[in-house]
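These protein sequence lines are chains A and B, in that order. Per this note's numbering: the first sequence = residues 266 to 601. Per this note's numbering: the second sequence = residues 266 to 601.
These aren't lab readings, by the way, just hints derived from the structure by calculation. Wrong hints could be hidden among the right ones.
Using 27 Å as the maximum straight-line C-alpha spacing, the simulated DSS-like pairs for lysine-lysine come out as follows [what the hints assert, rightly or not]:
hint : chain 1 : residue 1 : chain 2 : residue 2
1    : B       : K540      : B       : K518
2    : B       : K443      : B       : K592
3    : A       : K535      : B       : K539
4    : A       : K540      : B       : K543
5    : B       : K540      : A       : K516
6    : B       : K455      : A       : K539
7    : A       : K288      : A       : K301
8    : A       : K516      : B       : K528
9    : B       : K539      : A       : K540
10   : B       : K301      : B       : K348
11   : A       : K516      : B       : K592
12   : A       : K347      : B       : K455
13   : A       : K543      : B       : K540
14   : B       : K543      : A       : K516
15   : A       : K543      : B       : K543
16   : A       : K535      : B       : K348
17   : A       : K528      : B       : K348
18   : B       : K348      : A       : K516
There are 2 protein chains.
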Amino acid sequence: MSERVNVAVDAMGGDNAPGEVVKGAVEAVCEDQRVKVFLVGREPVLKEELKKYTYDGERLEVVHASEVIETGEPPVMAIRSKKDSSIVKCMNLVKEGSCDAMVSAGSTGAVLVGGQVIVGRIKGVERPPLAPLIPTVNGICLLLDCGANVDAKPSQLLQFAKIGSIYMESVIGVKNPKVGLVNIGVEEEKGNALTRETYPLLKNCPEINFVGNIEARDIPLGVADVLVCEAFAGNIVLKMLEGVSGALVSKIKTGMMSSLRSKIGALLVKPALKKTLKGFSTEEYGGAPLLGLKGLVVKTHGSSKAIEIKHSILQCIAFQEQNINEKIKEQMILGD
Amino acid sequence: MSERVNVAVDAMGGDNAPGEVVKGAVEAVCEDQRVKVFLVGREPVLKEELKKYTYDGERLEVVHASEVIETGEPPVMAIRSKKDSSIVKCMNLVKEGSCDAMVSAGSTGAVLVGGQVIVGRIKGVERPPLAPLIPTVNGICLLLDCGANVDAKPSQLLQFAKIGSIYMESVIGVKNPKVGLVNIGVEEEKGNALTRETYPLLKNCPEINFVGNIEARDIPLGVADVLVCEAFAGNIVLKMLEGVSGALVSKIKTGMMSSLRSKIGALLVKPALKKTLKGFSTEEYGGAPLLGLKGLVVKTHGSSKAIEIKHSILQCIAFQEQNINEKIKEQMILGD
């Protein structure tokens with residue numbers, strides 16, 4: 266039998282905290298026996314919320330944290346000064362080994378900074394990338410880096426490729442994952458200084474399955490399993506995916522309400538449409554892991570509801586059971 | 266009465282040349298009396314194509330060009346060596362003043378290089394940006410730069426903002442257009458070195474209406490009329506817009522065919538849906554002008570059909586009649 270996976274959850278982070286976070290934590294605990302959640306935040310508030318639910322009390326523990334880091338606060342300062350915040354307490358639980366992983370829907374900046382400063386990097390990892398899974402027409406792919414490090418170097422992008430391949434193979438189960446470099450043309454010489462220098466590094470790396478440059482237009486078609494890019498570009502890819510999907514769906518819904526004929530049609534297509542759009546939603550895939558740290562740190566969307574919190578917690582199980590961090594360590598030693 | 270606008274059209278460029286290009290040129294000539302088209306390419310082929318249509322022969326002239334620049338050719342070399350190519354001939358027609366503008370669906374690289382080398386920049390313009398109009402939920406906005414210059418400097422982004430504002434105000438008719446800087450966060454200090462240095466330049470420029478940083482997620486919502494960014498980022502924005510729309514629409518169509526109920530519904534919503542999606546298509550807005558050159562150079566999508574060629578030709582009329590280049594010249598002198 267596998268050991269229990271301990272996950273610290275920032276109960277105060279995100280637009281829907283603590284209500285949805287508590288709900289998601291309870292759902293995760295009820296769904297999978299392997300997980301134990303440490304719900305970190307203001308104890309009285311959390312205990313009150315928890316009264317709403319029935320769950321295995323052995324696998325859900327409240328850890329008091331008196332402070333909350335707000336989204337607008339400068340991250341470095343917040344991590345330093347708010348020692349009793351829910352984020353810092355979660356990080357410390359991971360650092361000291363009480364927890365294997367943590368999940369937060371709170372300040373991205375604070376999670377990124379805290380991850381590096383408190384949890385710490387695996388030796389050899391230059392910059393831990395934030396790596397969300399994004400939907401494609403035929404599945405999912407891992408996009409990294411997506412917000413942790415702007416102005417990255419070619420050697421860092423090579424590390425992203427290696428780390429991302431390990432994640433896709435071990436956690437998601439994709440054999441020999443295809444690695445693509447996000448670029449503005451498919452030819453080797455296309456792009457900016459960064460992509461032109463990165464291409465040969467990826468091409469000559471025996472540990473990855475490099476398939477070449479990928480144009481943004483082809484990303485939603487699922488042509489690669491691991492997409493490597495610098496964080497500014499990655500953030501634009503992720504946010505355009507969310508923004509265009511959202512805008513288009515709302516436009517389609519409005520369009521369908523434009524006549525009686527289309528209104529009747531809309532009623533008939535609704536179930537099928539809902540199912541289709543669900544498969545193309547970022548919510549289904551839990552949070553984005555910050556990879557290459559000594560413990561697992563998962564950042565979920567600020568607007569996360571219970572379902573995303575639950576998925577984020579559950580994804581920590583595979584990560585832990587597959588010994589991802591051991592595999593990353595081995596790769597980093599190999600790369601030296 | 267306004268003078269005639271002479272437009273050179275590269276009849277050999279793009280995936281659907283010469284058939285769709287010739288068709289689009291004929292449609293433009295038939296739709297607007299103000300335009301005269303010079304169809305540049307292999308004369309026998311073009312004359313054969315033209316036999317299919319009825320049009321005012323006074324306003325559609327064939328100019329022979331024996332060579333064609335292919336998409337894969339290195340642009341600089343192609344422009345230098347293929348003096349009798351349709352692209353180079355179009356550019357020369359603009360340079361010598363026989364034409365006010367040119368339109369090509371051919372090699373983007375060759376059009377960008379030829380524009381700078383043959384047509385030439387307006388004095389003071391550091392780098393002419395490629396500036397497509399992109400659809401938003403409530404209209405359109407101009408995205409620049411979108412492919413001409415990767416690794417741009419802050420001073421160049423400031424020029425893009427000024428040039429883009431002139432275009433949106435004079436050609437599209439948007440009063441006091443809102444200028445946004447594409448970034449990965451809304452706060453002034455967010456982003457990479459380029460955006461952090463560009464922000465104060467835009468903020469302190471009295472000639473533009475700067476509204477701050479725009480996250481990619483908000484681009485489809487139409488929060489700005491002019492979106493300024495470096496070409497690598499701009500290309501990703503444009504290609505993600507195309508890719509996500511395309512993938513989502515195809516997924517929705519497949520989803521609607523999944524049951525008898527939804528198939529019937531699909532028949533009923535089809536007209537409304539078609540109308541909605543048309544408003545969100547990049548095809549409706551003609552090509553992307555390469556701004557800041559001594560004549561107007563318009564690059565349309567390689568997969569352009571007649572409708573896009575027609576729109577690209579017709580957009581040259583407003584550009585010419587509004588004296589855009591004179592206005593850009595004035596701004597450049599002001600900026601010194």
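Against the structure, the hints come out as follows:
For the hint pairing B:K540 with B:K518, the CA-to-CA distance comes to about 15 Å; that is within 27 Å, so the pair holds. Between the alpha carbons of B:K443 and B:K592 the distance comes to roughly 18 Å, so the proposed pair stays at or under 27 Å and holds. Straight-line distance between C-alpha atoms of A:K535 and B:K539 comes to about 17 Å, which keeps the hinted pair within the 27 Å bound. A C-alpha spacing of about 24 Å is found between A:K540 and B:K543, which places the hinted pair at or below 27 Å, so the restraint holds.
Restraint check: the Cα-Cα separation between B:K540 and A:K516 comes to about 10 Å, which is no more than 27 Å; the hinted pair holds. As the CA atoms of B:K455 and A:K539 are separated by approximately 36 Å, the hinted pair breaks the 27 Å bound. Annotation: proposed proximity of A:K288 to A:K301 holds, straight-line Cα distance about 14 Å (limit 27 Å). Of the supplied pair hints, the one linking A:K516 and B:K528 holds, its CA atoms being roughly 21 Å apart against a limit of 27 Å.
Distance check on the hinted pair: B:K539 and A:K540 sit about 21 Å apart at the alpha-carbon level, within 27 Å; holds. The hinted pair formed by B:K301 and B:K348 meets the criterion: a straight-line CA distance of about 24 Å does not exceed 27 Å. As the CA atoms of A:K516 and B:K592 are separated by approximately 36 Å, the hinted pair breaks the 27 Å bound. Distance hint between A:K347 and B:K455 is fulfilled; the C-alpha atoms sit about 22 Å from each other, no more than 27 Å.
For a cut-off of 27 Å, the pair hint linking A:K543 to B:K540 stands: about 24 Å separates their Cα positions. As the CA atoms of B:K543 and A:K516 are separated by approximately 11 Å, the hinted pair is consistent with the 27 Å bound. For the given pair, A:K543 sits about 24 Å from B:K543 by alpha-carbon distance, which is consistent with the 27 Å threshold. At roughly 57 Å between alpha-carbon atoms, A:K535 and B:K348 are farther apart than 27 Å, so this suggested pair is violated.
With a CA separation close to 58 Å, the supplied pair A:K528 and B:K348 exceeds the 27 Å bound. With a C-alpha separation of about 47 Å, the suggested pair B:K348 and A:K516 falls outside the 27 Å cut-off, and the hint is violated.
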